[in-house]
Amino acid sequence: MKSSKLTMIVAASVVLAAASAKAEKVFNLSGAVAFRDTSYRAITALYGANLGSVNADTPGNPASSTRVTWTGQIPNLFGPEVVTIHANYNGAVAGIQDLVQNRNVSYRSSPTPGDTNLINLPSDLAYGSVFQASTAFTSVPPLTDSKFGVTPVFFVKSVGTPATVTNITRQQLRALAANGALPLRFFTGDAADTNLLYYISRDPSAGQRVIIEKESTITGTPQFYQWSSNALEFVVDPTGRNSTQIRDQLNAATKPAISFLTGVDAVNVNGGQNIIGYNGPRAFLNAAYSSVTNDLTPVIYGQYSQWGYEHIFVRSTASADLITFRDALLGAIDTDLQTSAHSLPISKVKVTRNAEGGVVNPIVP
Amino acid sequence: MKIYRNPILLRRLAAVAGGFAMFTGTGAAAPFLYSQGDLVLTFRKTGGASDLVVNIGKATNYNTLPAGASITISNLLVSHLAVAFSGVNDLAWAVGGANRLGGDPNYPVQTLWVTRARFDPNQPTNPWLRKGQFDQGATAAQVDGVGAKTATYSGNTASNANNSAQAVLIPSNNLDYGLSPIIGNGDYDGSFQGNVQNLTASDFDADFANVSRSDLYELLPGNDTPGRYLGYFEFKPDGTLTFNTTVPPPPRPTVTSITRSGDVTTVSFPTVNGATYLLHATDLAGLGTPVSSWSIGASVSGNGSTLSLADTNSASIRFFAVEAQ
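One line per chain: the protein sequences are U and Z, in this order. Sequential numbering of the first sequence, starting at 1, is according to the working numbering. Sequential numbering of the second sequence, starting at 366, is according to the working numbering.
Simulated from the structure, these hints should not be mistaken for lab results. In this text the structure is predicted, and so the values were computed from the model without any measurement. The reader is advised that the hints may include incorrect statements.
[Said to hold, decoys possible] Lysine to any residue pairs mimicking SDA-like chemistry, simulated, CA-CA at most 25 Å apart:
#1 U/Lys147 - Z/Asp541
#2 U/Lys255 - Z/Pro473
#3 U/Lys255 - Z/Gly468
#4 U/Lys350 - U/Ala287
#5 U/Lys255 - Z/Gly467
#6 U/Lys255 - Z/Gln498
With the hints as extra help, turn the sequences into a complete structure.
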């Protein structure tokens with residue numbers, strides 16, 4: 001009998017050891033493009049020295065990549081278990097749709113750098129730059145919403161837009177979005193400016209698009225163009241561009257155009273010098289927008305209102321592990337945002353609002 | 366005037382509503398189909414729970430009809446009206462369409478097709494004016510938004526009998542897809558020169574002969590010149606809608622006064638422009654014969670005001686009928 005007991009104990013130990021070796025936490029992220037750089041740094045920081053490998057679309061600039069897959073260990077959260085994180089920043093509205101409709105998202109399957117194989121998996125957690133209620137993808141119960149930051153959205157002009165275009169008002173934007181292109185003199189006040197100024201926009205799933213349309217109460221369907229590098233002309237765009245495409249087109253277009261970007265992309269349009277004002281003020285006080293640090297006082301205190309909260313959404317049925325990961329991610333993001341050039345941690349913002357385009361109210365000191 | 370509820374309509378609506386309740390949630394429905402140049406019919410009601418949006422086909426199906434045509438708008442179902450609204454009274458309805466970038470090359474960008482309500486069903490409206498391209502572009506964005514946003518809502522909503530390729534009921538309090546933000550007070554959120562909506566009377570269903578009419582205009586971008594008149598939509602208390610390129614028949618005249626002086630009897634009645642009025646008369650012996658066989662006296666052309674026709678006859682008893690042509 002003794003020997004049988006001993007055999008059973010050894011066998012059980014072997015089974016438990018085998019189970020531990022195979023255990024892995026996998027978290028799949030999707031959602032807002034605007035926050036991909038902070039997300040990259042925050043997740044990388046969670047792994048710390050225990051990061052095994054990371055596989056990004058753009059190895060030379062992984063923080064700006066759309067798809068990233070990490071693997072390694074996060075001991076303070078999950079002990080020795082391997083933690084693999086897939087990310088695809090497919091758009092703020094798309095991320096919410098992923099969670100509500102349990103959609104599969106395409107991720108880099110392997111954390112091995114350079115491996116371009118993709119895998120379709122359901123998203124667990126989504127970054128959002130809009131409230132769930134601002135999208136068509138509401139749910140009962142609603143997604144669990146954790147707000148952690150504020151990111152302003154800028155209007156940015158193309159390199160082919162004259163220096164006399166320094167601002168766009170809400171009314172000008174409504175007219176521009178309705179028509180797709182308007183006479184340049186509408187923006188400069190110079191009768192000699194007979195050329196057209198074109199509008200470039202994001203696709204409908206973009207949170208940034210929701211933000212600027214809500215802010216300017218655009219209720220109809222906008223029309224927009226894209227720059228053709230072949231024709232060296234603007235052509236009608238039936239679908240909208242992503243942020244990277246807009247950045248590149250604003251840098252290439254030799255004719256006047258206006259679009260919108262967050263700071264992480266706007267800083268790369270003519271070195272950040274093509275950001276214009278919205279209804280007067282710009283979102284920052286420093287003379288030139290920087291990739292290192294910016295004084296976002298107008299956002300903090302309410303002079304500049306075209307911004308959106310940064311959210312992390314999970315389903316109300318999220319597992320305990322996912323909640324643990326989310327909470328740690330929120331903490332890491334808050335740390336990163338303290339020195340962010342393009343976003344503000346929510347603790348720094350002295351105004352509040354309850355919806356995109358909603359009234360901005362000062363927070364009682 | 367005796368007012369009575371239209372029993373025929375109420376029985377139709379009740380039966381359809383009951384039938385709808387049986388079939389709610391069954392059957393697959395395709396997402397709302399919409400593309401530029403489609404005419405979209407909208408119904409709204411103050412305090413109503415839903416807005417109704419119906420695709421009634423390409424504007425080019427309407428702007429080439431011959432004179433004298435009358436077509437029934439079959440995509441509008443009585444069942445949808447019954448579910449969305451408590452009746453056909455106090456309904457705001459309109460039709461709109463737009464041609465924008467990438468649309469029909471046969472029409473200028475920012476061409477609009479919009480209705481204008483007749484306050485008097487028998488009096489055609491003054492045309493909407495053709496405005497500049499960018500001016501009409503602002504409205505085109507709203508008009509197109511009705512169809513495009515309905516299609517988006519439809520595609521993201523579970524299929525049911527009220528979400529089909531032709532018609533969709535949208536919760537009126539939906540800030541993103543309800544019609545209020547897009548149409549506003551009927552001027553497409555302040556972008557259009559006037560209110561495109563027609564409002565049925567509070568007692569519209571009291572008489573099944575009542576009609577609600579709106580004229581349809583085609584507005585190519587222009588310079589404050591009148592739009593092109595295409596015809597008129599006619600909505601009836603039974604929930605049917607037709608489009609007509611004919612001039613509507615004049616209303617049945619109502620004798621408002623009759624006086625006699627000597628052998629001259631003067632009959633007065635309100636008139637409308639474009640109609641001709643004839644006075645039929647007979648004596649007691651002819652009362653049992655058709656009015657068409659009575660003698661016809663003088664006639665008068667309508668001018669929108671109350672006019673009179675006179676009959677000279679010594680008979681002590683005369684019977685009169687006024688005919689409008």
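So, going through the hints one by one against the coordinates:
1. With a C-alpha separation of about 22 Å, the suggested pair lysine 147 of chain U and aspartate 541 of chain Z falls inside the 25 Å cut-off, and the hint holds.
2. The hinted pair formed by lysine 255 of chain U and proline 473 of chain Z meets the criterion: a straight-line CA distance of about 24 Å does not exceed 25 Å.
3. Among the hinted pairs, lysine 255 of chain U with glycine 468 of chain Z is consistent with the structure: their alpha-carbon atoms are about 24 Å apart, no more than 25 Å.
4. Among the hinted pairs, lysine 350 of chain U with alanine 287 of chain U is consistent with the structure: their alpha-carbon atoms are about 23 Å apart, no more than 25 Å.
5. A C-alpha spacing of about 21 Å is found between lysine 255 of chain U and glycine 467 of chain Z, which places the hinted pair at or below 25 Å, so the restraint holds.
6. Straight-line distance between C-alpha atoms of lysine 255 of chain U and glutamine 498 of chain Z comes to about 21 Å, which keeps the hinted pair within the 25 Å bound.
When held up to the earlier numbered hints, the structure conflicts with none and fits them all.
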